[in-house]
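Can you build the whole structure from these sequences, using the hints too?
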Amino acid sequence: MSSKLDQIQAPIAGEMELFEKKFRASMKSKVLLLDRIMSYIVKRKGKQMRPMFVFFSAKLHNETIADPTYRGAALIELLHTATLVHDDVVDDANYRRGFFSVNALWKNKIAVLVGDYLLSKGLLLSLHNDDFELLKIVSNAVKEMSEGELLQIEKARRLDIDESIYFDIIRQKTASLIASCCAVGAASAGASKEEIEKARLFGEKVGIAFQIKDDLFDYGTAEIGKPVGIDIKEKKMTLPLIHALRQADWMTKRRVIYNVKNNNGDNKRVQQVIDFVKQSGGIQYTIEVMNRYHAEALDILYTYPDSPSRRSLEQLIAYTIEREK
Numbered sequence: 001m002s003s004k005l006d007q008i009q010a011p012i013a014g015e016m017e018l019f020e021k022k023f024r025a026s027m028k029s030k031v032l033l034l035d036r037i038m039s040y041i042v043k044r045k046g047k048q049m050r051p052m053f054v055f056f057s058a059k060l061h062n063e064t065i066a067d068p069t070y071r072g073a074a075l076i077e078l079l080h081t082a083t084l085v086h087d088d089v090v091d092d093a094n095y096r097r098g099f100f101s102v103n104a105l106w107k108n109k110i111a112v113l114v115g116d117y118l119l120s121k122g123l124l125l126s127l128h129n130d131d132f133e134l135l136k137i138v139s140n141a142v143k144e145m146s147e148g149e150l151l152q153i154e155k156a157r158r159l160d161i162d163e164s165i166y167f168d169i170i171r172q173k174t175a176s177l178i179a180s181c182c183a184v185g186a187a188s189a190g191a192s193k194e195e196i197e198k199a200r201l202f203g204e205k206v207g208i209a210f211q212i213k214d215d216l217f218d219y220g221t222a223e224i225g226k227p228v229g230i231d232i233k234e235k236k237m238t239l240p241l242i243h244a245l246r247q248a249d250w251m252t253k254r255r256v257i258y259n260v261k262n263n264n265g266d267n268k269r270v271q272q273v274i275d276f277v278k279q280s281g282g283i284q285y286t287i288e289v290m291n292r293y294h295a296e297a298l299d300i301l302y303t304y305p306d307s308p309s310r311r312s313l314e315q316l317i318a319y320t321i322e323r324e325k
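The sequence shown maps to residues 1 to 325 in UniProt numbering.
Be careful, since some hints might not be right.
Said to hold, decoys possible - Mimicking EDC-like on lysine to aspartate or glutamate, the simulated pairs with C-alpha atoms at most 16 Å apart in a straight line are:
1. 253 to 275
2. 21 to 67
3. 235 to 162
4. 193 to 133
5. 236 to 168
6. 109 to 87
7. 45 to 20
8. 236 to 91
Since the hints were made in silico from the structure, they are not lab data.
Shown next, in the form of structure tokens:
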């Protein structure tokens, strides 16, 4: 983890260390093959931003972290990891975060079963502890993530995505997960329904800003683990391109859409689309929209009393839009 994230995590360092132990325990299995795969998954953990959102959100409502918050964070990690394992099968991806994917090492059949196992472990963790509110929040997020993916696939076939559909997709695909982290944190700390909804809305705005930042990487030169232009190669319509096309005349629009539809991985065609977006103000417009969602998230955050957790959340959402990868 970067030193920046280490600093942000400082107020919950003890809780995160304990969470790590509890999460490892929640993934144990008596089946040797499954246990080996679970160990491999745990070792590949990323920045752990999702548990951080859960714990900071909980501390906004109650400074003392209790068992439901640990279970809520584990539930999110289990269900989200299950979706990632299944995604790699669907995408036929051999790598995730620079490591071999589960399907690359153990083939698709085992990877699908591993995803099912993780999903069932998350469900049982909540059911055995009567964490029905937490399970409801996270299950709804998984449903939204699936709907967002399918909406994007449906629209990508015709490239008829306008700005409102784009926001529907990223709200469901990405923002719903961060929103559920914040809602779970609040709910696990005994917050009221109104407070849980406020936390969820805060997380949703952070998630939208996060995804917009990710879409901007497609037009930059930063080394982020995905090549520049990969969204264009995959025929994904993101905000910079949507805005640029909206400004273009009919002939230009037709030419650009043709290049997106028929790029076949041709770097020259992809670069033409990137140049068009940059010249049409698509990047600047997208940055302004991202900053607006960032500001709206801060407006909600500032309704909470000042505390180390609030300050860390402020730094965490700044990190999401200033990161280089």
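Each hint tested on the structure:
no.	hint	in the structure
1	253 to 275	holds (14 Å)
2	21 to 67	holds (13 Å)
3	235 to 162	holds (14 Å)
4	193 to 133	holds (10 Å)
5	236 to 168	holds (14 Å)
6	109 to 87	holds (13 Å)
7	45 to 20	holds (10 Å)
8	236 to 91	holds (14 Å)
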